[in-house]
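For reference, the chains in residue letters:
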Amino acid sequence: MPAESGIIDSIRTPPTWRERVCSRLEPGEEVLAYFEPDLNSALDFGAGMVVLTRQRVLCFYESEAPANGSTQALPSAFQPHPNSAEAQGPTNAAICLPGEKSWLLQDLAEVRPADSGGLGSLELLGHTALLETWYYTGGRTSAAERFVQAFRQAKQAEQNGGALPTQSAARVVCPSCGSQIEPPKTLCDACTPTASPPPVRSLWRLARFAQSRATMIAFGFSLTLASTGAGLVPPYLTGSLIDDVLNPRQSGADVSFGVVPWYLVGMMVAYFAAWLLAWAKTYVLASVSEQVSADLRNETYAHLQRLSLEFFGGKRTGDLIARVGSDTDRICNFLSVNLLDFGTDVLMIALTATTLLCIDVPMGLVAMLPFPFIAWMAQRVRIKLRHGFARTSAAWAEMVNVLADTIPGIRVVKAFAQENREIERFRRRNQHVLEANIRVNVLWSFFAPIVTLLTDCGTLVIWGYGAWRVFQHNELSVGVLVMFITYMGRLYVRLDSMSRFVAATQRAAASTQRIFEILDRRASVPDPSRPVHPGRLEGKIELKEVSFKYGTRIVTREVNLAIEPGEMIGLVGPSGSGKSTLVNLICRFYDVTSGAILVDGTDIRSFPIEEYRANIGIVLQEPFLFYGTIAENIAYGRPEATPGEIVAAARAARAHEFIVKLTDGYDSLVGERGQSLSGGERQRISIARAILTDPRILILDEATSSVDTETEREIQEALTNLIEGRTTLAIAHRLSTLRSADRLVVLDQGVVVAIGRHDELVESCEIYARLHQANLEMAERIGA
Amino acid sequence: MSKPANHSQEKRKTFSPADESRAATSLDFSLLRDEWGQLTFQRSVGETPVPVWGAPLFPISHPDQWIAVCSADGTELACVVDPAQLPSHVWKLLKEDLDRREFVPIIQRIVWVSGNSEPCELKVQTDRGPTTFVLKSEDDIRRIGDHQILIIDAHKTRYFIPDLRNVDAKTRRIVEWYV
Numbered sequence: 001m002p003a004e005s006g007i008i009d010s011i012r013t014p015p016t017w018r019e020r021v022c023s024r025l026e027p028g029e030e031v032l033a034y035f036e037p038d039l040n041s042a043l044d045f046g047a048g049m050v051v052l053t054r055q056r057v058l059c060f061y062e063s064e065a066p067a068n069g070s071t072q073a074l075p076s077a078f079q080p081h082p083n084s085a086e087a088q089g090p091t092n093a094a095i096c097l098p099g100e101k102s103w104l105l106q107d108l109a110e111v112r113p114a115d116s117g118g119l120g121s122l123e124l125l126g127h128t129a130l131l132e133t134w135y136y137t138g139g140r141t142s143a144a145e146r147f148v149q150a151f152r153q154a155k156q157a158e159q160n161g162g163a164l165p166t167q168s169a170a171r172v173v174c175p176s177c178g179s180q181i182e183p184p185k186t187l188c189d190a191c192t193p194t195a196s197p198p199p200v201r202s203l204w205r206l207a208r209f210a211q212s213r214a215t216m217i218a219f220g221f222s223l224t225l226a227s228t229g230a231g232l233v234p235p236y237l238t239g240s241l242i243d244d245v246l247n248p249r250q251s252g253a254d255v256s257f258g259v260v261p262w263y264l265v266g267m268m269v270a271y272f273a274a275w276l277l278a279w280a281k282t283y284v285l286a287s288v289s290e291q292v293s294a295d296l297r298n299e300t301y302a303h304l305q306r307l308s309l310e311f312f313g314g315k316r317t318g319d320l321i322a323r324v325g326s327d328t329d330r331i332c333n334f335l336s337v338n339l340l341d342f343g344t345d346v347l348m349i350a351l352t353a354t355t356l357l358c359i360d361v362p363m364g365l366v367a368m369l370p371f372p373f374i375a376w377m378a379q380r381v382r383i384k385l386r387h388g389f390a391r392t393s394a395a396w397a398e399m400v401n402v403l404a405d406t407i408p409g410i411r412v413v414k415a416f417a418q419e420n421r422e423i424e425r426f427r428r429r430n431q432h433v434l435e436a437n438i439r440v441n442v443l444w445s446f447f448a449p450i451v452t453l454l455t456d457c458g459t460l461v462i463w464g465y466g467a468w469r470v471f472q473h474n475e476l477s478v479g480v481l482v483m484f485i486t487y488m489g490r491l492y493v494r495l496d497s498m499s500r501f502v503a504a505t506q507r508a509a510a511s512t513q514r515i516f517e518i519l520d521r522r523a524s525v526p527d528p529s530r531p532v533h534p535g536r537l538e539g540k541i542e543l544k545e546v547s548f549k550y551g552t553r554i555v556t557r558e559v560n561l562a563i564e565p566g567e568m569i570g571l572v573g574p575s576g577s578g579k580s581t582l583v584n585l586i587c588r589f590y591d592v593t594s595g596a597i598l599v600d601g602t603d604i605r606s607f608p609i610e611e612y613r614a615n616i617g618i619v620l621q622e623p624f625l626f627y628g629t630i631a632e633n634i635a636y637g638r639p640e641a642t643p644g645e646i647v648a649a650a651r652a653a654r655a656h657e658f659i660v661k662l663t664d665g666y667d668s669l670v671g672e673r674g675q676s677l678s679g680g681e682r683q684r685i686s687i688a689r690a691i692l693t694d695p696r697i698l699i700l701d702e703a704t705s706s707v708d709t710e711t712e713r714e715i716q717e718a719l720t721n722l723i724e725g726r727t728t729l730a731i732a733h734r735l736s737t738l739r740s741a742d743r744l745v746v747l748d749q750g751v752v753v754a755i756g757r758h759d760e761l762v763e764s765c766e767i768y769a770r771l772h773q774a775n776l777e778m779a780e781r782i783g784a
Numbered sequence: 001m002s003k004p005a006n007h008s009q010e011k012r013k014t015f016s017p018a019d020e021s022r023a024a025t026s027l028d029f030s031l032l033r034d035e036w037g038q039l040t041f042q043r044s045v046g047e048t049p050v051p052v053w054g055a056p057l058f059p060i061s062h063p064d065q066w067i068a069v070c071s072a073d074g075t076e077l078a079c080v081v082d083p084a085q086l087p088s089h090v091w092k093l094l095k096e097d098l099d100r101r102e103f104v105p106i107i108q109r110i111v112w113v114s115g116n117s118e119p120c121e122l123k124v125q126t127d128r129g130p131t132t133f134v135l136k137s138e139d140d141i142r143r144i145g146d147h148q149i150l151i152i153d154a155h156k157t158r159y160f161i162p163d164l165r166n167v168d169a170k171t172r173r174i175v176e177w178y179v
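As you go down the protein sequences, you meet chains F and Z in turn. Numbering-wise, the first sequence is residues 1 to 784 according to the working numbering. Numbering-wise, the second sequence is residues 1 to 179 according to the working numbering.
The hints are simulated quantities; they were obtained by calculation from the structure and are not laboratory data. Predicted model only: the values in this text are computed from it and were never measured. Positions of the beta carbon are idealized from the N, C-alpha and C atoms, including for glycine. Among the hints, erroneous ones may be present.
DSS-like mimics (lysine-lysine), calculated; alpha carbons at most 27 Å apart, straight line [claimed, not checked]:
#, chain 1, residue 1, chain 2, residue 2
1, Z, 95, Z, 156
2, Z, 170, F, 549
3, F, 414, F, 155
4, Z, 136, F, 549
5, Z, 123, Z, 170
6, Z, 170, Z, 136
Quick partial rundown of chain Z residues pointing at chain F, CB under 8 Å, derived from the structure [as the list claims (entries may be wrong)]:
#, residue
7, 37
8, 42
9, 43
10, 125
11, 129
12, 130
13, 131
14, 158
15, 160
Given these sequences and hints, build the entire structure.
Written as structure tokens, this is what we have:
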């Protein structure tokens, strides 16, 4: 036993507190669990430690801890490592040092966790009073819950006379992505919020998209090399023309004019070759980069579609549209124009530098002198420009968000006569865009001319040094000097365009970052690694101890429910009671935090999501119709459906009657830019959509809430056809909607309060009786 | 002319926001803290105390005004528009309860940021001591009003900057980069 407990100690004792905790433990006292609150009682950040052993709960505080030196002054009974001879009974442990507290397990009743707005607390309750409260931030919620569980087990063990209940293989589900993790962790590694790698590299990540087009890119770069090489020939010929023809001629040598045309022809050929090659390389590389950015757009959108509802809940539409649209466009522009230019520039500089150094080493070195200085300048402005461009981009998204907000809400704006306020709101956002752009331009406008200035100064350096060499030693010919000036003139022009590249890189990096922010987001509902193919399901649903937490808020708490195939269940309860959450969990829009949902006896997390959802049909409160024909909208879940099937589905959904009255029948355009239909009509189309997919599990989420009673009757008829033979979960505020339900499940604050038929529940369930009463009153008022 | 007050009272059937704000529920109650640390509410002395909690209605714009006193199921028992309306010991208890629940550290200084793309880590100095947290997305830094900033970390803990003009240049630059 002692040996064993030693092992457990080493596992269960917190490393940072080990020494201090061990020194306070009785020999053989076994640490069962520990918890580290990260706030002290004044809610200031500060570490603490709560330790649970078989006999007691101890807690330690960092701030009030005695300094290391003072340990010596302690009475001997509290010296570290008490040996067995002076073994203290656990009762003595109640005497404590400052900054430490200890309670015997028998004096404790419960440890109660509470949670509100990112602040958690653990209350230690005695039999008659509250003994202690520990506070922690949101990150420690699951750790606190584990501690509470360990405490309960220890209490049970105490009552059972020592035996700890056998630890059921505690399966922890990562609350963020649903993957299974080992108990000491509270989040899986992938979901643990961490800081990202430095963004300077974010552009390199585009390389992944370039890989598939490597051959084309290689071809493009060999063309670049050739065209740059061709561009280097004319200045060389110029130098040669001066030194070998013009200068000797002027100094009286006999040189015939006949050679001059050959020089000119050589230059001409070089110019043409450079032009042709440049044309080809621009075409090749630009089309490659277009393809790369098209891939990027596709992948971003495809990834976006696979992300969970959670992601869309937190992001604004305008911002997402801007990312897929303008950010990818900016990257494309960067790849096809700026990066291409930059590649050419680098090659040009490398080749020119080599040529110059081959001709005259000291002269080459002097010519290269201003280079590092300009590079340094570019580096300095780089950071500022980068921030500036990200700001303009963010300001732009903010402005678009105003549009996305107010244009769909235009009726509300007009009805409350707030046009001027919205104009003002837009004007202010637009002002932010303007200011952000002006700030960038201030930097930018300073940057470009200073490069030109440095360039000019650079040429002066060569003139000066070259002239000095010509005068002083006469070892440098005028031809070579002119050659250098021509080369450097070209080179410095390149430097100017390179400096533009700095800004473009920053702009593109900011965009890339925004794109990868989407691409890096893992779907919080992951596909299983070893999938079980559901095929066509029976529709038997079992909820086992299902809990769901949204952030730190517990929405659903240990719900147990078994639904037979073909059964219709009505979910009722006040708003916020977790009805929709339960439905979202069954649809697997989110994954359960703990517990499991079994369909036909298999955990739904082992089904591939798409195959599983093919078995589910859903009718929402606000039916969404896409832009397209009615037929396309009905066949949305099964695009291959025949016209016969579509009409049959529409008939069953009682939609056929009004569709035939439309001028274009099933080919009428609906959706945002199409013909307007009434709420009831749209709902019947969405019911037809669900009927056509022939789902085994049907979800009706307030399907009749937003329509008048007459329309509700029509929709009810349509629904009757749909519900027939399918496992149905219906949420409704109007209890009349749930008349045909086999059983009603009453939820309140995430807990199942009662299950039963209407008559039983009116008798037995207070919450249901209240809902029923409210419904009756409402019906009467409408009737009156 | 004789009784204009009465006259207007009879006529007053329509809703008026100004009147409504004045018509707060009676503030004639007392609060106690029981041995479980629970705040309880009592209208009159013999009455059984009801467990309650304080709910700030405008936690950001008016943190110390407009406090609703709610029972466990969320029913509002009283609404304290202004602490001056309450006896000081009652307000002290209510304030204690609020402080125990409200955890919004005020950022005084951002010391360090791991990088300029999210998710990133921020090391900050707050009124509750130094801490480090992870910022998940740029949307989690929000501007409230003109100069107030609310930051929500990856664990939904909220941090507040009451006035962006009063922090040092580095902090302001980091925050402004988001809003």
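Outcome of the hint check:
Straight-line distance between C-alpha atoms of residue 95/Z and residue 156/Z comes to about 23 Å, which keeps the hinted pair within the 27 Å bound. Restraint check: the Cα-Cα separation between residue 170/Z and residue 549/F comes to about 36 Å, which exceeds 27 Å; the hinted pair is violated. The suggested pairing of residue 414/F with residue 155/F is violated, with an alpha-carbon distance near 63 Å, which exceeds 27 Å. Distance check on the hinted pair: residue 136/Z and residue 549/F sit about 18 Å apart at the alpha-carbon level, within 27 Å; holds.
Of the supplied pair hints, the one linking residue 123/Z and residue 170/Z holds, its CA atoms being roughly 13 Å apart against a limit of 27 Å. The hinted pair formed by residue 170/Z and residue 136/Z meets the criterion: a straight-line CA distance of about 20 Å does not exceed 27 Å. Interface hint status for residue 37/Z: upheld, as the beta-carbon distance to the closest one in chain F is roughly 4 Å, under 8 Å. The beta carbon of residue 42/Z is not positioned within 8 Å of any beta carbon in chain F (closest approach about 19 Å), and the interface hint is therefore violated.
For residue 43/Z, the interface hint is violated, the least distance from its beta-carbon to any beta-carbon of chain F being 24 Å, above 8 Å. Among the interface hints, the one on residue 125/Z is violated; its C-beta lies about 10 Å from the nearest C-beta in chain F, farther than the 8 Å criterion. With 8 Å as the threshold, the beta carbon of residue 129/Z comes within range of chain F, its nearest partner Cβ sitting at about 4 Å, so the hint holds. For residue 130/Z, the interface hint holds, the least distance from its beta-carbon to any beta-carbon of chain F being 7 Å, beneath 8 Å.
For residue 131/Z, the interface hint holds, since its Cβ comes within 8 Å of a Cβ in chain F; the closest pair sits about 5 Å apart. Contact between residue 158/Z and chain F, as hinted, is supported at the beta carbon level, the nearest pair being about 6 Å apart and thus within 8 Å. A least Cβ separation of about 12 Å between residue 160/Z and chain F goes past the 8 Å threshold, and the interface hint is therefore violated.
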